[in-house]
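K.L.:
Chain order of the listed sequences is E and L. First residue of the first sequence: 4, per this note's numbering; consecutive thereafter. First residue of the second sequence: 22, per this note's numbering; consecutive thereafter.
Errors might be hidden in some of the hints.
Said to hold, decoys possible - With a Cα cut of at most 25 Å, we get these calculated DMTMM-like pairs of lysine to aspartate or glutamate: (1) 110(E) with 106(L); (2) 116(E) with 63(L); (3) 92(E) with 90(L); (4) 127(E) with 176(E); (5) 202(E) with 90(L); (6) 224(E) with 106(L); (7) 224(E) with 90(L).
Everything labelled a hint here was simulated from the structure, so no lab data went into it.
What follows is the residue order along each chain.
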Amino acid sequence: MAEPASVAAESLAGSRARAARTVLGQVVLPGEELLLPEQEDAEGPGGAVERPLSLNARACSRVRVVCGPGLRRCGDRLLVTKCGRLRHKEPGSGSGGGVYWVDSQQKRYVPVKGDHVIGIVTAKSGDIFKVDVGGSEPASLSYLSFEGATKRNRPNVGDLIYGQFVVANKDMEPEMVCIDSCGRANGMGVIGQDGLLFKVTLGLIRKLLAPDCEIIQEVGKLYPLEIVFGMNGRIWVKAKTIQQTLILANILEACEHMTSDQRKQIFSRLAES
Amino acid sequence: MAAERKTRLSKNLLRMKFMQRGLDSETKKQLEEEEKKIISEEHWYLDLPELKEKESFIIEEQSFLLCEDLLYGRMSFRGFNPEVEHWCIFQKLMLQMNAKHKAEEVEDETVELDVSDEEMARRYETLVGTIGKKFARKRDHANYEEDENGDITPIKAKKMFLKPQD
């Protein structure tokens, strides 16, 4: 009971850092260190002692690697901070190295710069609105950061807003805007009347917004509808009748835990009715 | 007695602006260098060896946008919200154009943004006429006749004797 646990802990602590390439797609736990491909050659197969990596002439040939969510930089290695599957994306063009990240699941959203989120206006204070985005503190949204902002053309308290973050770090209050850098709305702004707002996990949002997601395509064939996805785990749906809206909300919430066969069954049943 | 001894001005006084206007550029440079030397001696500095910052080649990003190509979060299907659909289609077209013709797209964009030279020339042609008409006196108004298109093209006044038709 106590012995195997301690043995396991020792083995984990004493094990060498694994190469990131070999762990792709597998589950990683926080605290693990991962070696990048260039560093694997330095560690020989028999070397049990981790000798410090020195910058040698090969350093200039190293490419820039981006460590994404769930990973942190630890010297020359990557340190895992969330449990999940390790993913890698090859660089498309230009700068090399690619991106490593951990595909984890969570419900609590942490504001990140550049994310498009759905917020609820909770208060007006001075020149800004306070918008609840599901983070640790409400984000601020200026009156003027809408396309065609005028005195009369303003959201009210209780409206839904689709915007993106311009400032989002752990030291400052997050700020969001509803226009892009050119001043155009780009689909952002106040979301219309009616509809239903519900909350899902962050992983589901990313799964639904993946380029090759079948769920969205199948859902779009059912009946006319409008969906807005916020990266903070909120989805807003609207259809012509309340029943259709509720069906849609239930499907989206349930499709996280369904296999593709079950999903197809449900869609075919809906298509018939 | 006073003429024998030359009054010497202090260095600070010589460094003032109104004293330097008459100086050459060379003397000015010398004065500046001397000033810099004085400053560097008075300033404090740490007597440590130079620490070379290790060049880190790992960049930390907390955003998922870099990792996965996610679609835009606002969608409308089967004509429910025409504005969003128009915008979606426009975005998809732009993405397709970007993907296929990256190099060409850049050239096209620059041409679209700027007005082409021909258009500029045409505009200026008519513009000269309209502005000129504003300052022309009554007698010169005859020079500015309107074309079939309505463009005002200035006609050069011919200084010739016109035989009266009689």
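K.L.:
Taking the numbered hints from earlier one at a time, note which ones the structure violates and give those numbers from smallest to largest.
P.N.:
The structure breaks hints 1 and 2; every other hint is satisfied.
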